[in-house]
Amino acid sequence: MAYKFDATARYAESHDWARVEGDVVVCGISDYAQHALSDVVFIELPSAGKTVTKGDVYSTVESVKAAEQVYAPVSGEIVAVNDDLESTPELINEDPYGAAWIIKVKPSDPGQFDELMDAAAYETFLSEHE
Amino acid sequence: MIEPTVYDLSSPGRHGPLLPVLDVPEAPLPDGYLREDLLLPELSELDTVRHFVRLSQRNMGIDTNFYPLGSCTMKYNPKVNEKAAGLAGFTDLHPLQDAEMTQGAMQLLLELQVYLAEISGFDAVTLQPAAGAQGELTGVLMMRKYQLDRGETQRTKILVPDSAHGTNPATTTMSGLQVVELPSSPRGNLDLEALKANLDDTVVGLMLTNPNTLGLFEERILEITQLVHEAGGLVYGDGANMNAIVGVVKPADLGIDVMHFNLHKTFSTPHGGGGPGAGPVGVVAKLAPFLPGPVVSVEHIPDDFDDEEEHVHFDEDGDDFRLIWHMPSKSIGRVRSYYGNFGVLVRAYTYIRMHGAPGLRRIAENAVLNANYLKARLQQEASYPVAFGDRICMHEFVAQGILEGAPDIHTMDIAKRLMDYGFHPPTVYFPLIVREALMIEPTETESKATLDAFADAMIQIAREAREEPELLKDAPHSAPVKRLDEVRAARQMILCRC
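Each protein sequence line maps, in turn, to chains A and B.
The first sequence begins at 1 in the numbering used here and counts up by one.
The second sequence begins at 1001 in the numbering used here and counts up by one.
This is chain B alone, in the form it adopts within the complex:
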C-alpha cells in the first residue's frame, strides 16, 4: 500500500500545537507578505508521527536486511561508533574554535591519519575529502599538479581499465584530463600489452582498482606499477575495494602512489543516505607537498619557548609539542570547508581502535571467505555463471543472470524477485563488461546462516525461473509498490510537484 502524502492526510482545521492566548497587541502582516497560495498541510501531531514512523518502517538497510550490494561494502556499522561520535567533547565542538581549545579532537585526527598511513603504507594522509569520489578528484588533481610541477605539461591522459568504477573516467574529465580506456585480459585483469601500447610521455598516470570490480586481484600488479613508473606516470589506487585486503596488503607496497579510502565502506561509517561519507587520501612522500589542507601536524616546542601559557602541550618521550593545522607547501588547496566530515572520522577511528591490527586482518579474511562460499554455492547448486568463475574471488564476485532453460529471464527479474525473499538485491548491470551482471558482496559481518539463506533464495529463484517464470517477471510481489517503470521515469522526468 502506498503511504499517502501529508497533503493527502491533511484535514482543514486540524493541527498539533495550541498557540497560547495572544497577550500582546495584534499586528497584522503588511500587505503582500501574507500568502494565500501557500498550501500547508493540516495534521494533528499523532497523524504526523504515524505518517513518518510508517515511512521509516519501510526503510531497508543493513540494520534490517542482508544487503549484498557489490562494490559498496554494506557491512554492519557497529553501534559503538555512534556512541563515540555522540560524546559531548566531540558534538559540542565548533570548527572555528582555536586550535588550543581543540587539541583532543586534533589528536584523534592525527592518530587517524597515522593509522590510515600505517594500514596502507603511505607516507601522508589527508582527511579532508567528503566522499570517495571527492577523494578520487583530490588524488587526480594532485597527480596533475605533480606532473605540471615537474614541467611535464604535455601529460594530459589518464589510463582507465574498462572494468573501472564510473567515477574514474568522471574524475579524469573533471580534472581536465583525457580518458584512455584499457581492455581487460582473458583472466579478467588489466591487459598488459594494451597498457604498454598506451604508456608514453603524455600519460599522467593509471587509475587502478585492486581487487578490481570483478572481485579479482590484479595478479601482475607489481609489473603494472613498475611499467607506469618507468614511463614517468603515477598510479592511482581506487580504494573502494580495500575491504578485501585491509590488514593483509599495503597498497603502497604494490607501487600505488595515491589512493582514497572509503571510510563508509571499509571502516564501517554510515553509507549512502545515512552518510555523509568520507574519502581520506593517502600518498607516497613525493606527493605529500600537494595534499589538500589543512592537515594536522605536530609542532615541537623548543625548551626555551616562553609563551607556554597560551598553548596546550602533550608529553611524548619527554618532548613538548602541540598540534597545529598545516597547509602543505604545494597544496592543491582546500577541497572542503573546515576539517572534513569530523563525525564520520570519529566513527572510523573508533572502528580501527576496536579492531586493532589483528582484527583488521580478520575483516579481509572473512570478507573473502564469505564471498567465495556464496560464489561456490551459486555456481554448484544453481548453475549461475560467474564471470572468470574459475578463479578464486576476493571480497565480491560477479554472477550472471543467465540461466539455462529460462531464456526470457534477466538479471533485473532475479533482482526484483530477491526482494520478495527479504533481501536487498545485489548491484546489477555493473561492471559493464559482464553481461547481465549480478555483483554480490556479502561482507565479513554476515553469519553462515545468513549466507545460506541468501544462497537458498537464489537457488529457489533459479528453479522458479525455469518452472514459473511469471513469478520473476511480475516481482516484486511483497513490496509496497509493484515493479517501477524505470524507462518511463527516465524519459519523462518530473522532478518537482510544483
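In isolation and in its complexed conformation, chain A is listed as follows:
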C-alpha cells in the first residue's frame, strides 16, 4: 500500500503529524492513520486555550470501524481548532495533511518537534510495522 507523506511534516509513532508554521505547530493524523480508520464519520475536538502535554489524548476520531484516540505530538497551548471537521469529518480522509489539520499548538518546548521522525523515517517505521 502506498501512503502519502508530507515532506515538511514530522511524525510520531502514534501516526500523528506535526508541521511548523511560523510560531505554531500544526497537528493532524497521517494518511496511513486515515486509511486504517476508513471513512471518518465523527471527530471530537478539544477547545482552544487548553494546554496539552506531548502524548496526551486531545481528540477522538471515529469511523464506522473504530474510534481512535489522537495524541499530541508536542506540548503546548492549543491556539486554534479546525471546527470545519465537525460538519465535514470526511476531510480527514480526503486531505489529511491540508484541510484536515486538527489543532494548532503554541509549543512550550520547541525541541520536541525535532525529536519526531521525518517523512523518510516514518515511511521506514510504517514498512517495519505493517
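Bear in mind the hints are in silico, worked out from the structure with no lab data behind them.
Some hints could be false.
What the hints assert, rightly or not - Straight-line C-alpha distance at most 27 Å; calculated BS3-like pairs for lysine-lysine:
hint	chain 1	residue 1	chain 2	residue 2
1	B	Lys1473	A	Lys4
2	B	Lys1196	A	Lys54
3	B	Lys1286	B	Lys1473
4	B	Lys1473	A	Lys50
5	B	Lys1196	B	Lys1145
6	B	Lys1079	B	Lys1448
7	B	Lys1330	B	Lys1145
8	B	Lys1286	B	Lys1145
9	A	Lys54	B	Lys1157
Said to hold, decoys possible - One-sided and incomplete, this derived list gives chain B residues near chain A with beta-carbon spacing under 10 Å:
hint	residue
10	Met1001
11	Tyr1033
12	Gly1166
13	Thr1167
14	Val1179
15	Val1428
16	Arg1435
17	Ala1489
18	Ala1490
To be verified - Short derived list, chain A residues pointing at chain B, Cβ under 10 Å:
hint	residue
19	Val57
20	Glu62
21	Val64
22	Ala66
23	Glu68
Glycine included, C-beta positions come from ideal geometry on N, C-alpha and C.
Once you have looked at the hints, place chain B on chain A.
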C-alpha cells in the same frame, strides 16, 4: 424484499376489533383533546399479525443460525432456563414483598452468590449490576472507594491494555479516573516492561481480560498481579471471556481482586436484544465491604428468639436462620433498583445446576477445542492469517481478512458474503490492534458438523475472493436488503421519522 411499515399497509376504515354498540350517553372529548394530526395506521388483525410474524421471521439469532460473534459468547440458551424462570413462584413475585414472603427466591439468589464465588474463587458476590458494563463500573467504583478509604487520594489512574474491550476505558472515564493505555507484547500479551514503567503510587489498578481479546491466555498473569499488588494497586478482571476458563481456573487464584461475570455469555442467559443482561461482581475479602447492595445474607436466629412466628426459618445443621437483605458497611450504594434482573439470575442458576461442576469444566474445554479446530482449518486450508496464530488459542481467535491474491478484498466483504452462506458474521475490526480483524468464537454448543460447514464456507469465500471478487464486493445477495451504506448512515443521522 423490504417489509412495508404499518403505515404503508394502512387502509382507511380497516380495523381489527368491532366496538360494542354504545349503551351509555355519548360524551364527546373536550375541545383540544381530540387530535387530528395523530396518524394511526388502520389495519385488520390479520394484516397486523402477518406483518409482525414476517418481521419476526427475519430475526437471525442463535436459535436459527450459527453466530460466531467473537467476545460475545453467543452460545445456545437451553430452554430449560426459560421453563425455570417461568415458574409461577418466580414470575408472580413482587420486589416490594417482605423478605419473610420471599425466602425461596432469596435462597436462590444466595445460592447463586455462593456458586459464582465458588466458580471464581472470590469471597463475596453482588448480583445487582444489570449488564457486564455496569458490572465493570461497579467494580472500578469499588476500587476507587477502596483506595480513597485507605487515604490514597493521589491514586487516579487505571492501566488498560491496548487489546481491552472499549468498555474498560469507558468505565475508567465514567468513574472519574484517568486511562493509561499499555501496549501488547510480541506474544500478544501485556507488555510487562510497560506495566512496570507505569506502576507507581498514582495507580488505582489494572484492568485485565484473561484470556484477552486476542483469545490468548496471559502467560505471565501471576507476575502481573503480583507487580500491581506490590505497587499498592488492585487488579480488575474483565470476565467477558470467562467461557474459556470456567471450571478450570479460578480468577481469584490468579491474583484478580474484582471481576464481573457476564451471565448472558458464560451462563447462557439471553443476549443482546433478547436481554436484559446481568453482570454480577465478585470480590476478594478486602473489597467485600464496598459491594453495592442489597446482597442476600444469612442471619442466624438465637435459640431464645421469641418472635418466631413472624419469620420463615430454614434448618441447616440444626440451626435456625433466615435470609435478609444486607447493605455492606462501606457500600458504594445501589447500582440498580430492587434486586438486579431477577429473571435472568434464575436462568443462570438453572444453567449452573443443570451442569454441575464437571459440566462447567467441559464447557470451557469444548469451547477452547472448537476454537482451535476452526482456527487450524482456516489457517491450513484457506491461508487466512491469524493474529499470533502460532499460539494455541483459548475460546476465540482473531483471523484477518487479508488474502494473498485478493488485494481489494477486506474483512467487511468477507463478513457480508458469510451472510449469503447462512452464517452470522463474526465480530469485525476488533480488537483494534489487529488489521482487518475477524474475531471468531464458536462456543462449545456447536457440533463438528456446524464448525465444518462454517470452515467450508470461509474456504469457499477465500477462493471466491481470488477468482470472483465481485461476489464479495456486492454481498450480501440473499439478505432482504443489499449492503447498507454505513458511512452515510453515520454522517447523516436521521433518528426519528417525525
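For each hint, the structure was consulted:
Restraint check for B:Lys1473 and A:Lys4: the C-alpha separation of about 26 Å stays at or below 27 Å, so the hint holds. Our distance criterion of 27 Å between C-alpha atoms is met by B:Lys1196 and A:Lys54, whose separation comes to about 21 Å. At roughly 55 Å between alpha-carbon atoms, B:Lys1286 and B:Lys1473 are farther apart than 27 Å, so this suggested pair is violated. Taking the CA atoms of B:Lys1473 and A:Lys50, the gap is about 44 Å. The hint is violated against a cut of 27 Å.
For the suggested pair B:Lys1196 and B:Lys1145, the alpha carbons sit about 24 Å apart, so the restraint of at most 27 Å is met. Straight-line distance between C-alpha atoms of B:Lys1079 and B:Lys1448 comes to about 22 Å, which keeps the hinted pair within the 27 Å bound. A C-alpha spacing of about 9 Å is found between B:Lys1330 and B:Lys1145, which places the hinted pair at or below 27 Å, so the restraint holds. Among the hinted pairs, B:Lys1286 with B:Lys1145 is consistent with the structure: their alpha-carbon atoms are about 12 Å apart, no more than 27 Å.
A C-alpha spacing of about 18 Å is found between A:Lys54 and B:Lys1157, which places the hinted pair at or below 27 Å, so the restraint holds. Given the 10 Å rule on beta carbons, the hint for B:Met1001 is violated: about 26 Å separates it from the nearest Cβ of chain A. Taking 10 Å as the C-beta contact cut-off toward chain A, the hint placing B:Tyr1033 at the interface is violated, the least distance being around 42 Å. For B:Gly1166, the interface hint holds, since its Cβ comes within 10 Å of a Cβ in chain A; the closest pair sits about 7 Å apart.
Against a cut-off of 10 Å between C-beta atoms, the interface hint on B:Thr1167 is violated, since the closest Cβ of chain A lies about 12 Å away. Contact between B:Val1179 and chain A, as hinted, is supported at the beta carbon level, the nearest pair being about 8 Å apart and thus within 10 Å. Hint status for B:Val1428 relative to chain A: holds, with the closest Cβ pair at about 8 Å, below 10 Å. Interface restraint check: B:Arg1435 against chain A, minimum CB-CB distance 7 Å, threshold 10 Å, status holds.
A cut of 10 Å between beta carbons decides the hint on B:Ala1489: the least distance to chain A is about 8 Å, and the hint holds. The interface hint given for B:Ala1490 is met, as the beta carbon of that residue sits about 4 Å from the closest beta carbon of chain A, less than 10 Å. Residue-level restraint check for A:Val57 holds (minimum Cβ-Cβ distance to chain B is 8 Å; threshold 10 Å). With a cut of 10 Å, the hint placing A:Glu62 at the interface with chain B holds, because the nearest CB-to-CB distance is about 8 Å.
With 10 Å as the threshold, the beta carbon of A:Val64 comes within range of chain B, its nearest partner Cβ sitting at about 4 Å, so the hint holds. Taking 10 Å as the C-beta cut-off, the interface hint given for A:Ala66 holds, the closest approach to chain B being about 5 Å. Nearest Cβ of chain B to the Cβ of A:Glu68: about 7 Å, under the 10 Å cut. The hint holds.
Hint compliance for this structure: hints 3, 4, 10, 11 and 13 are broken, all remaining hints hold.
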